[in-house]
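Let the sequences and hints guide you as you build the complete structure.
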Amino acid sequence: MIRYRYMPTHVGTAAPGRPAERSSAIASRRARSVFLPVVAVLATILAPSCSQQSASVPVPKPTAFGAAIVESSGGKQIAQTGSLLPQPVVVQVNDEQGTAVAGALVEFAAAPSVTFDPPNALTDSSGQVTSNVSLGGMAGRYQLSASTFDKSHKKVELMIEEIALGYQQTLGRHLNDQYCERCHNPESTVERVSNYDNLEVKPHPFAEGDTLNKLSDADLAAIISHGGPALNKSALMPAWGNTLSKSDVQALISYIRAVSDPPSRSAGPVYAKH
Amino acid sequence: MKEQFTSLWQRLFGDSVRAFGVVSLIFLASLAIAPAKNFFSEWRHYQHGYLRMVRNRSDANTLQRHFQGGIQQIWLPELGVVDRCTSCHVGLKEASLTDVPTQPFRTHPVIPHKLDQFGCTVCHRGQGAATTVAEAHNSTLAWEQPILPAKYIESSCGECHRGPLPGTPQLNQGRNLLARQGCAHCHTVKLPDGTTMKATDDPPSLSHVADKTTREWIYAWLKDPQAYASTSTMPNFKLTDDDARDMSAFLIANSTPLPGDTATLSARPSSDPAAGASLYGESFCASCHAVQNAAGNMVGGDVGPELTRVGNKVKPEWLQAWLRNPRNYDPRTGMPHYRFNDPQIATLSGFLLAKTDSDLLANVHLEAATPEQIAHGKRLVSDYGCASCHEIAGIKKPENFAPELSHLGSKPVTQLIFLPGMPHTLPDYIAGKIKQPRTFSPGLKMPQYTFTPAQIDSLTTALLALNDRSNTLPPSLAVAATPESDYQPAGKAGKLMTDLACFSCHRINGHGGDMAPDLTWEGSSVQREWLVQFFKNPGTLRPSLIRRMPRFNLNDAEVNELTDYIMTVYQTPAIDRDSMPLSGYSQGQVELGKQLFYGKYSCQGCHIVDTKTDKGYIGPTLTHVGSRLTAAWIYQWMKNPQSLRPGTAEPNRGMSDDEARALTAFLISQKGGARQEASKK
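First to last, the protein sequences are chains L and S. Letter 240 of the first sequence, counting from 1, is numbered 240 in the numbering used here, and no numbers are missing. Letter 422 of the second sequence, counting from 1, is numbered 422 in the numbering used here, and no numbers are missing.
Hints are computed from structural coordinates only; laboratory data are not their basis. Accuracy of the hints is not assured; some may be wrong.
[Stated by the list, open to error] Derived SDA-like pairs: lysine to any residue, alpha-carbon spacing no greater than 25 Å straight-line:
1) S:Lys495 to S:Arg469
2) L:Lys76 to S:Pro109
3) L:Lys233 to S:Leu419
4) S:Lys671 to S:Gln527
5) L:Lys202 to S:His607
[As the list claims (entries may be wrong)] What follows is a set of in silico ranges between Cβ atoms, one per label pair, in the way DEER data are often shown:
6) S:Asp357 to L:Pro186: 45 to 53 Å
7) S:Pro101 to L:Ala64: 48 to 56 Å
8) L:Lys76 to S:His407: 39 to 47 Å
9) L:Ala64 to S:Val299: 50 to 58 Å
10) S:Gln415 to L:Pro186: 30 to 38 Å
11) L:Arg265 to S:Phe401: 54 to 62 Å
12) S:Thr472 to L:Arg265: 43 to 51 Å
13) L:Lys246 to S:Gln595: 26 to 34 Å
14) L:Ala64 to S:Gln415: 47 to 55 Å
Note that beta-carbon positions come from the ideal geometry of N, C-alpha and C, so glycine has one too.
Printed below as a string of structure tokens:
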């Protein structure tokens, strides 16, 4: 195993209070023998700075405990690397009967490059905690953990997955919005009515990993460039080879791979907490 | 003590041979310091780590062959780049290393540029010449440019690319916001191409504001603009009650009646909500204006102001005059002159005036203003720079009201004042300042905006792109933006087009909005008769769109004027509209076209020709296409749609000339017969 001295997420942050911890340790050793009052003074000076440095956001004290933690919304979102998810992540803490618990502590954790605002909070009157999440700087899947403690102080954890798009996938998403989505996405919005229901042969939504993961990149490129008939599929899928460049098609494929569910093999590593 | 030292000295340097030996040893040891430092250096540690990792992989041989030990460097004198990052980031160019979970060995993600041509620090910032992690990534006393956080990385694209790019949505949004939120009214932003950023919003003139609204509304608006309209771009100046009272007093006292404005109600506002809602819908007001519905969702466009509580704001006589002809009050408005008749104005004004919120002005009680209050209000209006955005009679637009932002992306950190607890980096400073400007100093004039966190990130990205590198870039590297043209159609038709605000939605010759189709070549595209009918009664071509062309109630002379102009002037040099006939194609050709339409090219996926069988919703309905488009246009569209409308979603199918001709024959034979039959049944 290689020990990585540098982790990308520590860029720009000062080393957390090591000197302070060390000096307080030395001080406590001396304390036993000689200078009790001095230690008391030192401790009062150092204690606040230590706690401030080890956890920048104080953890609130829970007033209640739940039995389960569930996702209300905000999972399976797509954002660009390093940027905020379009919607906040909302989780709910329930008791044994499934009723929402107010005042339970929820803590979020993920790979160090992911940031939560706030990283921990007590559930509100409807039993929910809402946090704005920024994904890390590398494209791929990010596993977020939301956890709470039950009455016996056992940790109850919920895993949520989010997707970060790099440059190529972002370009692919742009092309998807422009050319593909109106047929391939069955969901309609106020602004844009889906054409999915109007088609005799239904196209595959890009999240449909079960089907699309079986197609190789070369096959996907062939269908996009030469149309459905290239792989004996419906002619309703037109040929885009004269409209999109080769790199456009590659970008689309990388987007399709990024959003597929279950994840495709070529989607890359999953970033989770250590 | 002294004896011990003497004996040691004797032992080491007692005779010349001993002295020579010892001095040589010391010399050798000191010579070894540099190689030892080199041997234990960080980059060597990573290179060893890389080789250890590579050893167990299936493609170990290839990777080992590609590996080059020692300090690596990308040197680009033209860009001032000396980047040694590849000394530790060894696998950047190895396509197979995308699955390495941790840095520094992962493959660089796919980007459109080559690392050898652009280096690393052009995009990522940081100190390229450094050979330790801390010096390369973090800021030090001597070097204050740390690595750019991933969320702002698109700002680096913006150093060279001055226009929008499909792969940089955040940068594009940030630049749009800078212009649209009116930042450029107060801040000078000189762009690297030598032009100055222009604000694209158009805050209303306040010179006749008393015609339009009441002092009470102005007071409530100044106190909290978003309470009136949550989508408003007017920021909150956090005024005290007294300041808002005095400023509203000044604005009303300073307002002069618009010459020729009749202060009488021309038609009694009707109280028929159903008729009002129907006229509001038919006129497609919602294409530009939003109204918050009962569920709290905004319904409608964001070109014009939100109308949820417009009844609290406008005076009935002003609203009616505005609906009659908005250009009387504001000659530059993007609102079309609808040519409504009196009953229509009564219906629509009654409908809009009923849109009120009883809470909005309930607690606003203002006494008559004293001259002192008005004078104080005037001073405040000047101090807060209201005239930077709004035209206000008697107050000059201030020059350089706020700091220039042209080089903000290179501002030295030492010149910034940070808040306690804030990370000392430029992006954090910019984002913090946009988020809550007044926390930096209570005396600051910059008001509070209501940006979402994502909008703040976008704005920061766009501002970081305005830096020294973007301003000193070799001209060969700069990719210019397409400048917005100031095209204006000439003559009577041109005046008519301004009056109807065609450019609020349509784009012609690079000028105008993007809500509706580009009309630059409309004259080559459509048949005259169809256009005349369309102006009189605009039907919809695309059933799935909610934004539509409104009916302007034009008279015949106006319709003819516009049609003649469009048919004559807006022609593409690429095709001759009369080169192909509108009828007379052989039955065989039409039949072949039909087969191609439903078979090989399966056009029915997106288009409807036969309303009984076809369902496609994406492209325009083609039931009447034979009486709408010219044959020459259809033919060229079949051959290469992007040559006529760049960016259209219609794919270029690479058709042969014969296929394109057959499809043209089939489509030109669609003159609406099927639809008429259907309506007869």
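A quick look at each hint next to the structure:
| no. | hint | result |
| --- | --- | --- |
| 1 | S:Lys495 to S:Arg469 | 44 Å, violated |
| 2 | L:Lys76 to S:Pro109 | 22 Å, holds |
| 3 | L:Lys233 to S:Leu419 | 61 Å, violated |
| 4 | S:Lys671 to S:Gln527 | 12 Å, holds |
| 5 | L:Lys202 to S:His607 | 16 Å, holds |
| 6 | S:Asp357 to L:Pro186: 45 to 53 Å | 38 Å, violated |
| 7 | S:Pro101 to L:Ala64: 48 to 56 Å | 38 Å, violated |
| 8 | L:Lys76 to S:His407: 39 to 47 Å | 41 Å, holds |
| 9 | L:Ala64 to S:Val299: 50 to 58 Å | 40 Å, violated |
| 10 | S:Gln415 to L:Pro186: 30 to 38 Å | 53 Å, violated |
| 11 | L:Arg265 to S:Phe401: 54 to 62 Å | 57 Å, holds |
| 12 | S:Thr472 to L:Arg265: 43 to 51 Å | 45 Å, holds |
| 13 | L:Lys246 to S:Gln595: 26 to 34 Å | 31 Å, holds |
| 14 | L:Ala64 to S:Gln415: 47 to 55 Å | 49 Å, holds |
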